[in-house]
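A.B. asks: Sequence:
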Amino acid sequence: MVTELVIQALSRLRQQKPLVLNITNYVVMNNTANALLAIGASPIMAHSKQEMAEMLSFSGALVINIGTLDSVWISRMLFAVEQANIHEKIVVLDPVGCGASTLRTETARQIAQRADKLIIRGNASEIIALAGEQAQSKGVDALDRSDAALGAANFLVKEYKANVVISGETDYVVSKNSTVMLNNGHAMMPYVTGMGCTLTALTGAFAAIGEETGIAAAAVLGVAGEIAAEHARGPGSLQINLLDALYQLDATTLSQRLKSEFQSEIKDVASL
1 MVTELVIQAL
11 SRLRQQKPLV
21 LNITNYVVMN
31 NTANALLAIG
41 ASPIMAHSKQ
51 EMAEMLSFSG
61 ALVINIGTLD
71 SVWISRMLFA
81 VEQANIHEKI
91 VVLDPVGCGA
101 STLRTETARQ
111 IAQRADKLII
121 RGNASEIIAL
131 AGEQAQSKGV
141 DALDRSDAAL
151 GAANFLVKEY
161 KANVVISGET
171 DYVVSKNSTV
181 MLNNGHAMMP
191 YVTGMGCTLT
201 ALTGAFAAIG
211 EETGIAAAAV
221 LGVAGEIAAE
231 HARGPGSLQI
241 NLLDALYQLD
251 ATTLSQRLKS
261 EFQSEIKDVA
271 SL
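Positions 1 to 272 (full-length UniProt numbering) are the ones given, in order, by the sequence shown.
These are calculated hints, taken from the structure and not from any lab test. Predicted model, so just to flag it, every value in this text is computed and none were measured. Any given hint could turn out to be false.
[Stated by the list, open to error] Okay, derived cross-link-like pairs now, DSS-like style, lysine-lysine, Cα gap no bigger than 25 Å in a straight line:
id: 1; residue 1: Lys161; residue 2: Lys117
id: 2; residue 1: Lys259; residue 2: Lys176
id: 3; residue 1: Lys117; residue 2: Lys17
id: 4; residue 1: Lys49; residue 2: Lys117
id: 5; residue 1: Lys161; residue 2: Lys176
id: 6; residue 1: Lys117; residue 2: Lys176
id: 7; residue 1: Lys158; residue 2: Lys117
id: 8; residue 1: Lys176; residue 2: Lys158
[As the list claims (entries may be wrong)] Here are the simulated distance ranges between beta carbons:
id: 9; residue 1: Ile240; residue 2: Gln16; range: 21 to 29 Å
id: 10; residue 1: Gly210; residue 2: Ser57; range: 15 to 23 Å
id: 11; residue 1: Met1; residue 2: Glu159; range: 24 to 32 Å
Glycine residues also receive a C-beta, built at the ideal position from the N, C-alpha and C atoms.
Throw the hints in and build the complete structure from the sequences for me.
C.D. replies: What follows is the structure, encoded as structure tokens:
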């Protein structure tokens with residue numbers, strides 16, 4: 001069931017080529033734009049209030065990444081969420097470093113509270129901190145296992161009516177009706193900066209074509225990362241190979257490689 005969902009979502013994405021509006025951090029703009037292009041979506045990095053309302057009238061989804069945060073960016077992000085709500089667009093929030101500072105934690109919560117349609121994508125420590133629990137973190141790096149954040153993720157699902165993606169050695173995708181475990185990827189992936197941010201951007205691309213669980217993006221990146229690592233000598237070549245793997249990914253490869261389990265029933269694929 002999970003594999004079928006992912007294959008159908010990838011096919012729709014490549015047919016529709018959705019525009020994804022990203023308010024993201026300086027470190028990963030190039031990485032995430034290239035990943036979106038490689039999978040078949042169309043990225044735009046827009047940060048000005050002057051064009052935000054217009055942009056969100058025709059974009060498929062809004063991705064907000066708080067990685068390089070300041071007061072100017074916070075104002076832009078909150079305004080963008082207002083516009084996304086007006087145009088009934090989904091918001092994908094990456095609470096980078098949530099728990100590392102009060103500013104990051106409070107900003108992430110403000111965004112989550114204001115979004116009408118929301119997906120949260122973070123590492124375990126960020127998800128735990130966003131839910132108000134104690135987390136182990138070192139800057140933006142997670143020191144908690146992804147399964148340790150399941151309770152926090154379920155809280156966030158109820159609190160914000162959101163779907164939650166916990167990335168880690170095992171990815172968990174938590175929604176009101178299901179919890180899905182995805183076991184692809186490679187141990188080298190955390191050594192490439194912005195890999196989680198890439199997952200957030202891909203989550204926005206799939207959400208823009210109606211796959212709002214977060215499952216497809218996590219599955220696609222995990223499989224692509226696994227393939228990329230087989231041809232990489234280290235993190236530098238992994239990053240290049242990842243773009244190629246995303247571009248070349250097909251239904252056969254997903255059927256052969258995707259490793260998933262679900263703890264409760266997933267809705268019919270046709271309802272996505």
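A.B. asks: Does each hint fit the structure? Answer for all of them.
C.D. replies: Checked hints:
| no. | hint | result |
| --- | --- | --- |
| 1 | Lys161 / Lys117 | holds (8 Å) |
| 2 | Lys259 / Lys176 | holds (22 Å) |
| 3 | Lys117 / Lys17 | holds (21 Å) |
| 4 | Lys49 / Lys117 | holds (21 Å) |
| 5 | Lys161 / Lys176 | holds (8 Å) |
| 6 | Lys117 / Lys176 | holds (14 Å) |
| 7 | Lys158 / Lys117 | holds (13 Å) |
| 8 | Lys176 / Lys158 | holds (8 Å) |
| 9 | Ile240 / Gln16: 21 to 29 Å | holds (27 Å) |
| 10 | Gly210 / Ser57: 15 to 23 Å | holds (18 Å) |
| 11 | Met1 / Glu159: 24 to 32 Å | holds (27 Å) |
Of the numbered hints given earlier, the model fails none.
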